[in-house]
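Chains as they are written, first to last, in the numbering used here: chain A, 1 to 558; chain B, 1 to 689.
Calculated from the structure, these hints are not laboratory results.
Each residue gets a CB set at the ideal place from its N, CA and C atoms; glycine is no exception.
Hints may be right or wrong, so weigh each one.
Said to hold, decoys possible - Reference listing, derived: stretches of chain B covered by chain A, where coverage requires no fewer than 3 residues with Cβ under 8 Å from a Cβ of chain A:
no. : region
1   : 28 to 35
2   : 89 to 95
3   : 118 to 132
4   : 151 to 159
5   : 388 to 402
6   : 421 to 428
7   : 587 to 601
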Amino acid sequence: MSEMVKSSVKIDPITVEIIQNSMRAITEEMFATMRKTAMSSIIYEVLDFGVAMFDAQGQLASSGSGIPGFIGMLEPGVKSVLEKFDKPDAIREGDVFMTNIPHHGGVSHLNDVVLILPVYHEGTLIGWLANKAHWVDVGGSFPGSISADALDIYQEGLQLPCIKVIEQFTPNQAVIDIFMANSRQPEVSKGDFWAGIASMRAGEKRFKSLVEKYSLQAVAYAIEDYIELGERVARAALKALPKGTFEASEVTDNGLSIKAKITITDEEFLVDLRGNPPTQPNGLNATYDSTMVDAQMLFKAIASPQTFANAGSFRPIRLLVDDDSMFAAKYPAATSVYYENSMMSFDLVWKALALAMPDALTAGHYGSICGTFLGGPHPKTGHSHSIVEPQIGGWGASSKFDGINALYTGFHGETFNVPVEISEQRNGLQIDRLALNDEEGGEGETNGGKGIKLDYRVLTDNWWLTMAYVRSENGPWGLKGGNRGSTNYVNVVRTSGETQRYSVCTALPLNEGDVVQVVTANGGGFGNPANRPKEKVLDDIKNGYVTYERAQEVYGIN
Amino acid sequence: MQTIRAASDIGGTFTDLVYYEMDPKTGMASDIKAVKAHTTPSEFQQGVLNSLEKANIPLEELTFFAHGSTVVINALTERKGVKTALITTKGFRDVLEIARGNRPDFFNLQYRKPDAFIPRHLRYEITERLSYNGDVISPLAISELEPLLTNMQKEGVQAIAVCLLHSYANPEHEQAIADYIATHWPEVTVVTSHQISREWREYERTNTAALCAYVQPIAAQYLAKMEEALDERGFDGKFYVMQSNGGIDTVESVKKTPISIVESGPASGVLGAAALGKLIGVNNIIAFDIGGTTAKCSLIDNGRVSLTSQYMIEKDERSAGYPLMTPVVDIVEIGNGGGSIGWIDEFNKMHVGPQSAGAFPGPVAYGQGGTSPTTTDANLMLGRINPNYFIGGEIVADMDAVEHAFDTLGTSLDLSAIDTARGVIRLANHNMSNALKLISINRGYDPRDFTLLAFGGGGAMHATVLAKELSIPRVIIPAHASVFSAWGMLMSDLRRDYIRTQPVAFVASKASEISKTLESMRKDALSTYVKEGFEEQDVYFEPLLEMRYVGQEHTVQIDVGTSEITGADIAKLIQDFNKEYEKKYTYFLENDIELVSYKLTAYARIERPTLAKISATGDIQSAIKETRPVDFDESGFVDTVIYDRDKLFANAQFSGPAIVEESGSTTVILPGQQVNVDDYGNLHIEIGA
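The following block holds chain A by itself, in its conformation from the complex (with noise of 0.2 Å):
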């Protein structure tokens, strides 16, 4: 498929068409038989998995995705195995290679296992499909294998360094073995594999019908002219952005100053993270992909929301960073938190344009992926297990409407938080709360939406809790004179009725009776609070979302 130029050859208008529709169509099938067959709810319900197909280089043609955070990861994850494998015959059919290291492409955290098989017509390699899940255990030192606290890489478990796990149809048990043995849930561990198996032969079984029918030329050609499509539509649209140059700065809770520079021309969306903090002796790393998706996601949103994305979406993208720094860590550095840099930089750009843009962003939501780990014995089976959950939360306001309440980050997307009812048989745990956050935080002329209060009661003895939440210290950032919101922590309160306020911790124990507290930010406002109208805020009073004291101070009503 290389050699194939595209001017060589002239497929019709409508074939092209279809060939692209039913591209889409198989990127959607593999997503949908992945979320029916996975074993843990983090793939399921959370949807921190993606799915994707390529051309014969490893160029991104069309992706499966409920989270737009995992569009352009798995590229890299698929040239690294070509850059791997790059002797004849290396590569064959009914291969399926597997990797996990950051630091190595393609992936952001040793718990996100990616699957890669590359798919045949008649001997020829005319394409190659990918799938990363979020694996709820991968061993290491941390239930979870996720650490605030991690000093390196080996502290957080298995590495699969771009191996092959299936080798021409024949599984390779000793790999499936050691998988299992460095799992503290193996039976888990096999089930998303071969979840993630069955999702890519969807795929390639549909992805060969194509080919089939209408030829690997026409199927060549039509990728080529989708990707090219997906840059047309970037560089059309990134014509019609304004111009300039953008900055925004931060201080993190731990008292790092962040920044960040754009700068925007007819050519180019520049992304300049440099002069950022150092490689950082904890989890809180990211890699240089993971930065770059970030980078993707805010371009996104600016430039072409409701369109679809491939490599050639993020063509006109550059980001500069410095090598062995937070946002492009160096191996072996820790990187199971990489999530929370990720929101770091997100936000930085988001914050930067946001005022130049206000008919695509709002002032900053809560920020952070408040990723809550728990775990522990099933008070009816004694089974031991964990859950991950990320948490939902408060968005900013925007220029004509306030923020929405308890939403995903913008990191997520088609994310489904695990109902109650479920949560309470499957995990055995007791939740005595899921309510809007009443704290004060987020007001403006719009104010900023609300997050949560989430109480998880824990039912028996020797639980653990993990959790690295960031805007712990300042609340998410208000535009033109709107209020900063609340901020994310857990309270742990005891059955003696001490209560500890944690934004970090790992393995902390839990004990029957006691209640993990979970408080996600009320998200920034837009505008003085003084000039929200009075039958707003009375309604704002009649529906309990602000107190008429409160009322009083913020919005001067009487």
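With chain A's structure known, arrange chain B on it following the hints.
Chain B only, in chain A's frame:
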């Protein structure tokens, strides 16, 4: 004396009435007759009465009347329900507003979440708590109700939804609240979540109860008016209402929880397909309905209509929509119909739909000023629709305008008018075939095991091409295709679906517990029917189990045949589950299996007539209208014989290329395909390889 059975279906423009007379001595039915009256949006029942009058039906001879109505979905989408309050478990009044936290339009950072139907100040909490087993953790503090109700009265609340955590496992607290309100405030509408659903997921169940309460007074009033109007005119028969689950139910039952009829329109078409399949002995069917703006399809496996209880309204790529936990026929709908417009985007890519030319200006061929060519225009351009017999001859198609429109559309792609029209059809067919794949291949079904049953205005036009593309061996174009939905209601039994979430390990030692649950569901369903006057021998059941590997979320449904399950049956059912799972997902596991939900469908048989057959004598030559050139894409224009459907007879046979014309629809038969007409006038088309 003859008796008459009739069914009426209210559509956007027309109210259809389908009926036949039945000789009670012989059980033989007359030919099926149909009339159309204009739909009367302000007072829907008037349109129905008009249609009965138009058909000249003496209401005292009407013994069976089934009715399909859009009253519930209209009240929801137009936000014309009543002021509704919610009572829920302490700590959870925001569940309705929090929803699930998802954002389908995932690159968009200015997403708008759909507003809850009940504002925060009308969502009340009450002290009580159940566990997931249904055990009482905190008793219900019934004394808290009085001030809440007083407050609601002050606010002018007309309906109350009650949804408590884990009420699917134990409905006693919800029931106690409903009983209290019935005693202390009998005028207000109360809908409890367990009346509608015994499945878990509190947001979905709360939203369902909320929306049901919101529309209940509107729907009940409408049905009462309809009953009254019929009674005044001497009606003394049975009045049934079409539900979204593909069956009818009594009007009394529907009035209590009318959310069950939210999608009755599309469901009745699928029901028609299932009923026809039963009549002519075809069990595996893909029902396919092409209308003006959309195409809908649904799969019938071994005579069973597929249902979902995770139905959404107002959900699309931009919005999370609202879930309804009520059984709805599982239909995939896409924005491609006869009126869908072909267009070119700013990047010079051609698309068809979802925008539709609607009734005005309609397709270019209508000559009402439309300039954007539609799928219907493309079918005219290719000679598949007869320009001189357009909409049954009501309009002469403006073919100059059609050709000009395709010429213009194709310019930037360098395509001729005819190639552009072919392109529109190919794209429309591609969109439709994707929808058909979604309900078949993607769910582990092999299209080669199915028959494509196509209806609606455009179904017959596209069916044979799609069947060929998907290797579906046979297509059926039913007689009465244009009133197929109403016809389905006439052929229906009563249907009630019960689902109960009650997770249990699927092992031999639990067999008696599993059996007990199914048996108690069966007895409850039976006694409800018997109380309503149905005979026990007319009630029959279909029990199913929803199972999964421990840890998974999605379930696979297993047919158990009977509610009596022994320890020995468990091993066999585990095998069935693994087999079904492997069919869907290419692998199976040795892992533990969990039963999540019990499903029981309870039918009550309704006496049905023997349908009249059409004449078996005739001359195929006399059914030929003309020969004209028709474009079949790859084969180009081919001289094609045009048949008049009204002149076809039982056992008539002919082969393609051919076109069969009738007043509301055109059937396209590709070169080499073989057509047989059956005893009831349905066309059976063998697709060939």
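Q) So which of the earlier hints does this model not fit? A) 1, 4 and 5
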